[in-house]
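Protein sequence lines, in the order shown, are assigned to chains P and L. The first sequence: position 30 = 30 (the UniProt record's numbering), numbered continuously. The second sequence: position 258 = 258 (the UniProt record's numbering), numbered continuously.
Because the hints were derived from the structure by calculation, they are not lab data. Take these hints with a grain of salt, some might be off.
No distinction is drawn between identical chains; accordingly, a pair holds when it is met within one copy or between any pair of copies.
Said to hold, decoys possible - Calculated pairs, SDA-like style, for lysine to any residue (alpha carbon to alpha carbon, straight line, at most 20 Å): (1) Lys235 <-> Asn123; (2) Lys398 <-> Gln316; (3) Lys153 <-> Asp80; (4) Lys90 <-> Val362.
2 protein chains.
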Amino acid sequence: MEKKPKIVILGAGYGGMMTASRLQKSNAHRDADITLVNKHNYHYQTTWLHEPAAGTLHHDKTRMKIDSVIDTNKIQFIKDSVVEIKKDEKKVILEKGELDYDYLVIGLGSEPETFGIPGVTENAFSIRSVNSVRLIREHIEYMFASYNKQDEKHEDVLTFVVAGAGFTGIEFVGELSERIPELCKEYDIAREKVKVYSVEAAPSALPGFDEELVEYAMNLLESRGVEFKINTPIKEVQDGRVLLADGEEIKAQTIVWTTGIRGSSIIENSGFETMRGRVKVDKDLRAPDHDDVFIIGDCALIINEEINRPYPPTAQIAIQQAYTCSNNIKALIEGKTELEEFKPDIKGTVASLGGKEAIGLVGDRKLYGNSASAVKKLIDNRYLFLLGGMPLVLKKGKLNLF
Amino acid sequence: MEKKPKIVILGAGYGGMMTASRLQKSNAHRDADITLVNKHNYHYQTTWLHEPAAGTLHHDKTRMKIDSVIDTNKIQFIKDSVVEIKKDEKKVILEKGELDYDYLVIGLGSEPETFGIPGVTENAFSIRSVNSVRLIREHIEYMFASYNKQDEKHEDVLTFVVAGAGFTGIEFVGELSERIPELCKEYDIAREKVKVYSVEAAPSALPGFDEELVEYAMNLLESRGVEFKINTPIKEVQDGRVLLADGEEIKAQTIVWTTGIRGSSIIENSGFETMRGRVKVDKDLRAPDHDDVFIIGDCALIINEEINRPYPPTAQIAIQQAYTCSNNIKALIEGKTELEEFKPDIKGTVASLGGKEAIGLVGDRKLYGNSASAVKKLIDNRYLFLLGGMPLVLKKGKLNLF
Numbered sequence: 001m002e003k004k005p006k007i008v009i010l011g012a013g014y015g016g017m018m019t020a021s022r023l024q025k026s027n028a029h030r031d032a033d034i035t036l037v038n039k040h041n042y043h044y045q046t047t048w049l050h051e052p053a054a055g056t057l058h059h060d061k062t063r064m065k066i067d068s069v070i071d072t073n074k075i076q077f078i079k080d081s082v083v084e085i086k087k088d089e090k091k092v093i094l095e096k097g098e099l100d101y102d103y104l105v106i107g108l109g110s111e112p113e114t115f116g117i118p119g120v121t122e123n124a125f126s127i128r129s130v131n132s133v134r135l136i137r138e139h140i141e142y143m144f145a146s147y148n149k150q151d152e153k154h155e156d157v158l159t160f161v162v163a164g165a166g167f168t169g170i171e172f173v174g175e176l177s178e179r180i181p182e183l184c185k186e187y188d189i190a191r192e193k194v195k196v197y198s199v200e201a202a203p204s205a206l207p208g209f210d211e212e213l214v215e216y217a218m219n220l221l222e223s224r225g226v227e228f229k230i231n232t233p234i235k236e237v238q239d240g241r242v243l244l245a246d247g248e249e250i251k252a253q254t255i256v257w258t259t260g261i262r263g264s265s266i267i268e269n270s271g272f273e274t275m276r277g278r279v280k281v282d283k284d285l286r287a288p289d290h291d292d293v294f295i296i297g298d299c300a301l302i303i304n305e306e307i308n309r310p311y312p313p314t315a316q317i318a319i320q321q322a323y324t325c326s327n328n329i330k331a332l333i334e335g336k337t338e339l340e341e342f343k344p345d346i347k348g349t350v351a352s353l354g355g356k357e358a359i360g361l362v363g364d365r366k367l368y369g370n371s372a373s374a375v376k377k378l379i380d381n382r383y384l385f386l387l388g389g390m391p392l393v394l395k396k397g398k399l400n401l402f
Numbered sequence: 001m002e003k004k005p006k007i008v009i010l011g012a013g014y015g016g017m018m019t020a021s022r023l024q025k026s027n028a029h030r031d032a033d034i035t036l037v038n039k040h041n042y043h044y045q046t047t048w049l050h051e052p053a054a055g056t057l058h059h060d061k062t063r064m065k066i067d068s069v070i071d072t073n074k075i076q077f078i079k080d081s082v083v084e085i086k087k088d089e090k091k092v093i094l095e096k097g098e099l100d101y102d103y104l105v106i107g108l109g110s111e112p113e114t115f116g117i118p119g120v121t122e123n124a125f126s127i128r129s130v131n132s133v134r135l136i137r138e139h140i141e142y143m144f145a146s147y148n149k150q151d152e153k154h155e156d157v158l159t160f161v162v163a164g165a166g167f168t169g170i171e172f173v174g175e176l177s178e179r180i181p182e183l184c185k186e187y188d189i190a191r192e193k194v195k196v197y198s199v200e201a202a203p204s205a206l207p208g209f210d211e212e213l214v215e216y217a218m219n220l221l222e223s224r225g226v227e228f229k230i231n232t233p234i235k236e237v238q239d240g241r242v243l244l245a246d247g248e249e250i251k252a253q254t255i256v257w258t259t260g261i262r263g264s265s266i267i268e269n270s271g272f273e274t275m276r277g278r279v280k281v282d283k284d285l286r287a288p289d290h291d292d293v294f295i296i297g298d299c300a301l302i303i304n305e306e307i308n309r310p311y312p313p314t315a316q317i318a319i320q321q322a323y324t325c326s327n328n329i330k331a332l333i334e335g336k337t338e339l340e341e342f343k344p345d346i347k348g349t350v351a352s353l354g355g356k357e358a359i360g361l362v363g364d365r366k367l368y369g370n371s372a373s374a375v376k377k378l379i380d381n382r383y384l385f386l387l388g389g390m391p392l393v394l395k396k397g398k399l400n401l402f
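Based on the sequences and whatever the hints tell you, model everything.
This is how it looks when you write it as structure tokens:
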């Protein structure tokens, strides 16, 4: 009997989780030993994390046990952290062991991009995991709880700086501006004591997005008390203080960093050639010169040839890549050599703004308010449906559409 | 027309609030100008505060707007803090003004007793106000939230020291031990990582209380994972560390101080003669040599002549004093000179232990578990009934008796 090929999937984010799910559904485990490795025993929806970070949604709604979606009799699950990929030895070093592979899928996600600005890692929070957003939520509440216990009131305790007005930054500010009135009530604090700054280096919030929609979003958030500092690069982050390039300084005990991401440093450290931590993959999603390594999600760089610039890393693309990746692995273990090409099919972009508010662009159609918010929830629910069918939608979905 | 006498009540705790309520009910405001002064615009039940501190009850359940109980058309309410009482000038200095009085009621409550142990004020929390217990609750949650974000796990983050195993300390430990399993679930932490120490200098927990009941309480709390250090004085409290007299040291990021109270320092600073901040009042509750000043609640020292020791300051005594005090004021403004003597009528003592557990002594009868817990809730509800009738019981009461 021939030895079954070993497939190892690193990371259970959108890409890795969906690849595992597709392989299981296509019965690939009959012809291959498939192993999924993840740091936690749960999968979470990264694009929802701004909500538990602000405290408007419980974090359990954004995550699910991996073995509730993947049948671990069919796909082995290992809870461990990846230390290094030894691609020449076809081996993965984990904290507590190692794994050989015939085919590897790298879906290790991202890290915050600090652009080398000093003090970010030490002094700012980032929205990137269940653990990190739970801490942000509790930190915010702790700030409110401590204010009335201070003998001398320090306003920086109630000042919140969100660095970066991209999608994550804007969505977080949206949730935060919805939560603040509740926190003011809970802790007996007047709303006007609380300051929220959205700071962006580029000349616009949501750089590159439709101008009319950006204006709608900014007006809405300003009406909830958010102050924008656009075209304002950050020079340095210190403990309790943000130094802006224009010389101004904002004292704030809460600084949340959302200026974008780079691919996981594990990839760079394992000897792959990267740009901002991302590998420019071949059309079939394999790493150049590595026919046995697929790279998907935030770690993969795909060029949008229409504008000759990379697609921004999104959940939408990661999920679509998982379909191509799992089809190609299935083909390879069936002995085929012709692989599918990955072609992103961007269905639209919607940013939630907290409450029942959102903005979106679906094709050429602009969406505002309620309808954009409902579309956003449909997108979130559709992912759950693709991953775990109707039961998962009912369990973890956003069912209050309007 | 004769000028109405001015009655000023300082503090809206059990004593002050009930005095105001009794004066209003007896229509004393027809014959006198009555003013109630309090730091906050709400009254709270101090004896419940261990619950919101542990996070097992929302703090709004322990407080009520003063004007929801007192008719401010009948009794003037001033939200301000007392700075000093100038008793020779019959005047009270507030932060934002001053008040003259003909009769003064001092119900300014208490401060934590530190026994001069270094570092307590700077490094320990205390259970004494809505603001302080909200901070404790959030601090505890923050500790749990930060644990999984630490690169190196520091166990002191999940170590909780409660200094003092008197009623407040034991009741707080009871609630905390009920809450910890929930927090472990919420933050993905194994229960055995969490340590709770109850440290007491005296040779027993709940010093002076019935031994059998104390043993019941300790066994129960130990079964929930609490570690007792009895007969163990504390030498010093440092940032993140408790030094015990026996040379041991406990590293803990959360230290809650519950070793007893002393009367408000305002009284001492205003020239009254005090013992641990409390004034040994005359039988009619007036301060010696000050016929126009009544002192009630935690600021008043009453000797239990049977054992020649002071009664411990309790809500029960404060409430009973308010009855005597309001009767005596009423008598004075009606021109009577014969005043009522205060005689405490101790109906019993019950300590809650979290969940449906409690211990109690009512007369000679010992109560355990469910029945003690139900009696404790009846006591809490009875107070609400005396203060605001059935509507207040329904709004703020503990209605899940069993």
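To see whether the hints hold, each was checked on the structure:
no.	hint	result
1	Lys235 <-> Asn123	within (13 Å within a copy, 35 Å between copies)
2	Lys398 <-> Gln316	within (17 Å within a copy, 50 Å between copies)
3	Lys153 <-> Asp80	between (45 Å within a copy, 17 Å between copies)
4	Lys90 <-> Val362	neither (42 Å within a copy, 75 Å between copies)
Hint compliance for this structure: hint 4 alone is broken.
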